[in-house]
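Got chain P sorted already, so can you dock chain V onto it with the hints?
Those protein sequence lines, which keep their order, are chains P and V. For the first sequence, position 390 matches number 390 in our numbering, and the numbering has no gaps at all. For the second sequence, position 354 matches number 1354 in our numbering, and the numbering has no gaps at all.
For the record, the hints were derived by calculation from the structure and aren't laboratory data. Don't take every hint at face value.
[Unchecked claim] Dumping the calculated DSS-like pairs for lysine-lysine here, alpha-carbon to alpha-carbon at most 25 Å:
{"id": "1", "chain 1": "P", "residue 1": "55", "chain 2": "V", "residue 2": "1348"}
{"id": "2", "chain 1": "V", "residue 1": "1192", "chain 2": "P", "residue 2": "192"}
{"id": "3", "chain 1": "V", "residue 1": "1072", "chain 2": "V", "residue 2": "1055"}
{"id": "4", "chain 1": "V", "residue 1": "1192", "chain 2": "P", "residue 2": "456"}
{"id": "5", "chain 1": "P", "residue 1": "337", "chain 2": "P", "residue 2": "192"}
[To be verified] Pulled a few chain P residues facing chain V out of the computed Cβ check, cut under 8 Å:
{"id": "6", "residue": "56"}
{"id": "7", "residue": "113"}
{"id": "8", "residue": "168"}
{"id": "9", "residue": "217"}
{"id": "10", "residue": "379"}
{"id": "11", "residue": "456"}
[Claimed, not checked] Among chain V residues calculated to face chain P with C-beta under 10 Å, some are:
{"id": "12", "residue": "1043"}
{"id": "13", "residue": "1126"}
{"id": "14", "residue": "1140"}
{"id": "15", "residue": "1209"}
{"id": "16", "residue": "1218"}
{"id": "17", "residue": "1274"}
{"id": "18", "residue": "1379"}
{"id": "19", "residue": "1429"}
Predicted, not measured: the structure shown is a model, and the values here were computed from it. Every residue gets a Cβ at the ideal spot worked out from N, C-alpha and C, and that includes glycine.
Protein chains: 2
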Amino acid sequence: MARPCPCWTACARRWTRPGDRGVSAPKDFRRDLHRAADLVADYLEHVADYPVLPKVRPGDVRRMLPAEPPAKGEPTEALLADYRRIIEPNVTHWNHPGFFAYFGITGSEPGILGELLAAGLNVNHMLWKSGPAPTELEETVTDWLRQMMDLPPAFVGHINDTASMSTLLAIAAARHRASQGRSRVYGLSGAKPMTVYASDHVHSSIDKACITLGLGQAHLRRVPVDGEFRMRPDALEQMIAADRHSGHQPIAVVATMGTTSTTSVDPIAAVADIAEREGLWLHGDAAYAGSAAICPEYRALMTGLERCDSIVVNPHKWLFTPVDCSVLLLREPAVLKEAFTLVPEYLKTAETGVTNLMDYGPQLGRRFRSLKLWFVIRSYGVEGLRAIIRGHCAMAQRFAGWVRAEPGFEVCAPVPFSTVCFRATPAGTPEEQDAYNERLLAAVNAAGPVFLAHTKLNGRFVLRLAIGNARTTERHVRGAWDIIRHTADDLRGPTPG
Amino acid sequence: MARPCPCWTACARRWTRPGDRGVSAPKDFRRDLHRAADLVADYLEHVADYPVLPKVRPGDVRRMLPAEPPAKGEPTEALLADYRRIIEPNVTHWNHPGFFAYFGITGSEPGILGELLAAGLNVNHMLWKSGPAPTELEETVTDWLRQMMDLPPAFVGHINDTASMSTLLAIAAARHRASQGRSRVYGLSGAKPMTVYASDHVHSSIDKACITLGLGQAHLRRVPVDGEFRMRPDALEQMIAADRHSGHQPIAVVATMGTTSTTSVDPIAAVADIAEREGLWLHGDAAYAGSAAICPEYRALMTGLERCDSIVVNPHKWLFTPVDCSVLLLREPAVLKEAFTLVPEYLKTAETGVTNLMDYGPQLGRRFRSLKLWFVIRSYGVEGLRAIIRGHCAMAQRFAGWVRAEPGFEVCAPVPFSTVCFRATPAGTPEEQDAYNERLLAAVNAAGPVFLAHTKLNGRFVLRLAIGNARTTERHVRGAWDIIRHTADDLRGPTPG
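Next comes chain P alone, as it looks inside the complex (with noise of 0.2 Å):
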């Protein structure tokens, strides 16, 4: 073993010379940052008085910005003065507590001290040499995810962007382990139509991920589901059979753990039963409901999944982590592995035994993401984190409640998490109804303190109401729902002009 250059203290000393930092100017960056601390604390104090949708209309921010990059540098003074000036004020404002759209989803407080801590280290941990810290805390704390969750302890996770990614590379390893690794080499151009189950209600990143990767958009069969928006077992049964009958092969099932038009829940043991028998991966997109499980009585709506061969929950959904930090847990990790790893010369290490994050997917770039969900769980501990989403699905029972009660007005689904499917049901034909339902959305989206997203159920268009924020309490719900009922009045009444 060579010994250390001896002169090498020597030269640390001389080169950490104060005052010669290259073009960084840290007097000032103090300052500076903690400017823009003060900006993100009072944007969250006051986030509330903003409309959730900012009133401007396509190409207003573009013209605000200069067509032309500067030449010469400009003070951070203005930097941030155009921050507040043309940004904060046109945004769709995610972190206000009336966000009821899509998934809401939570900037939590600890949350954004872990992304400042991770942007200022700038890690790319694509190697355990690149970022012994940051992938060993990715191991631990996906580790503790699978155990808030009843996992076995089988499962080992990783964090990607999106559960778009994640669910890619689901199926990607599924794709690896059905070709028995042909695949990876020759792609698919030799091979058996490959098919993917899912219902028909399972989100459009599963088709984005049969499209990337090959299998064509068409060989994703969508099940249909029973009067509950559940896959129905006996369906996806006869659709494999179909398939083989006619010389497809069939690779992987996805089940949904909380549906994004209802957050319905498949029957993932009976669903289960059937990718055992056939011999096809399990994924459990649990992207949204995943969050759910960490308590007991919402896990016991998903008694199954820990027979799925993967399984993606989105922290950044439901779990009060800022975007973005997808977990996939994987049960046989070195599938994906073998599916993707590569290692040029360039990057071959000497570490043994260590887990390098950049064998399990296409990706080689890695931003520190578990800094911030290690913040989250420990902040808020596990049972702060079952309260809030407690507290959320109470929320969402109460509303559903509300409108149940109102003569007018119904239920579409039933609400099993914190997601509301509801409509107002106006004399009239179907047609009639869907463009009063639309009008009615429009309406109370305009008038600001909500944000509401819709959907279509058994060809109906339905308003959806998701509570996913952390500063949601009951008084915004019950404020959403006055505005709905006096949006719904009002549009009812005789209108002047």
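The following block gives chain V in isolation, referenced to the frame of chain P:
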């Protein structure tokens, strides 16, 4: 048009009553955020006091972390203290001025401000409606970058997490165009095997793109290079012809502007001629050297780049933007959109004529990455950015000069930008020389103040010094050379024991 609910201002006022903020606690948060800001400022002031590579063994960090998540919430003090004790000392310090491995990157001060503000907003601008300002800022800032690189206005930019994804999208667009849209719907199962061409020095992300997209790694053709590690156009032509002859379908060529090992530049104009003649998609992998294209003299090395169908350049690599930020510039973004767009009911919006960024790839979720790039470009100004890049290139030339002047050392490849491949040439067989250089690298990196990586050129082990951090000055480069020389003396001398 419906009138807004008359009660909404009253509702809004009622909702924002101070003291009702759900689980968040803005006062403490402001204090905590200022503490975290000081930690970041402290870190950047003192980062050079750390050894670049932490003195940590596999498993050390994991053992410092509790195996189970905490049931109760913990105070922020504990989080920040553990960050300082467990994480900060045990990361590889990519922000260290002595970081010369891989490609140097910079978590610049304006970039960190941008990341902090983005974390506070926590916007997901999958749709224009879900983030108007982030969408239009992304369009504007990537257009600034296009202008800086002197590319035609036809190019439209999108930000991805990594060059791996940007390149994957480019090849996906090529696949879509070559299959006339068939691959999206039916996959690749019935198709001819599609082939992609790149130099033998191409980055591993291209292999991974071919694996992911179902083309197969064997269908990435590695074109031989010339004496300066550049793709040989004559060989490219022959390989395309041979593939056509044997029933393959050539779809794309990747030309690299700044290969990973030596930063060589493929002869892009000659390659563009071939791609045009053959009807192949031309992708320019300028992830590293694309940043240098903002200087006219370096742009001149890439004449023909403007003929690409797609170009990737990573501001998180050599444009001083924190990870992650990779820009994909597309001449015909409509092709990528056609390959991926898919709008489920719950994501339909009324706005027309707007860009919905989710349409351009598999990922739905999207972090607000353009903010930091906007801050970086404005803070330095184009001239300031050019000055840093020119400074890095000048330092590399000086380093190469010292190596050339030193008996027993040699420079192993041309130095077009800021990266130098070199090695010691002690007496002995090639294998003995390799072993010596491997020992030299390990000893240099063990010293502490610098971190260099390696590669293989023509089968021989070479050291690689890549300058890319804005905090690196000539003194750091000189220091690296001192350590390398002294360590080499040490290794040559008699070894005790």
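Structure-based check of each hint:
For the proposed pair residue 55(P) and residue 1348(V), the alpha carbon gap of about 19 Å is at most 25 Å, so the pair holds. Proximity of residue 1192(V) to residue 192(P) is assessed by CA-CA distance (about 13 Å); at most 25 Å being required, the pair is judged to hold. For the proposed pair residue 1072(V) and residue 1055(V), the alpha carbon gap of about 32 Å is over 25 Å, so the pair is violated. With a C-alpha separation of about 39 Å, the suggested pair residue 1192(V) and residue 456(P) falls outside the 25 Å cut-off, and the hint is violated.
Restraint check for residue 337(P) and residue 192(P): the C-alpha separation of about 24 Å stays at or below 25 Å, so the hint holds. For residue 56(P), the interface hint holds, since its Cβ comes within 8 Å of a Cβ in chain V; the closest pair sits about 5 Å apart. Interface hint at residue 113(P): satisfied, since its Cβ lies 5 Å from the closest Cβ of chain V, which is below the 8 Å cut-off. Below 8 Å, beta-carbon pairs count as interface contacts, and residue 168(P) has one with chain V at about 6 Å; its hint therefore holds.
The beta carbon of residue 217(P) is positioned within 8 Å of a beta carbon in chain V (closest approach about 6 Å), and the interface hint is therefore held. Proximity of residue 379(P) to chain V holds as hinted, the smallest CB-CB distance being about 6 Å (cut-off 8 Å). Checking residue 456(P) against chain V by beta carbon gives a least distance of about 5 Å; that is within 8 Å, so the hint holds. Given hint, residue 1043(V) at the interface with chain P, holds; its Cβ is 5 Å from that chain's nearest Cβ, closer than 10 Å.
Using the Cβ-Cβ criterion of 10 Å, the hint placing residue 1126(V) at the interface with chain P is satisfied: the shortest such distance is roughly 8 Å. Given the 10 Å rule on beta carbons, the hint for residue 1140(V) holds: about 5 Å separates it from the nearest Cβ of chain P. A least Cβ separation of about 7 Å between residue 1209(V) and chain P falls short of the 10 Å threshold, and the interface hint therefore holds. The beta carbon of residue 1218(V) comes within 5 Å of a beta carbon in chain P, closer than 10 Å, and the hint placing it at the interface holds.
Interface hint status for residue 1274(V): violated, as the beta-carbon distance to the closest one in chain P is roughly 23 Å, over 10 Å. Proximity of residue 1379(V) to chain P holds as hinted, the smallest CB-CB distance being about 6 Å (cut-off 10 Å). Checking residue 1429(V) against chain P: minimum C-beta separation of about 20 Å lies over 10 Å; hint violated.
Taken one by one, the earlier hints fail for this structure at numbers 3, 4, 17, 19, listed in ascending order.
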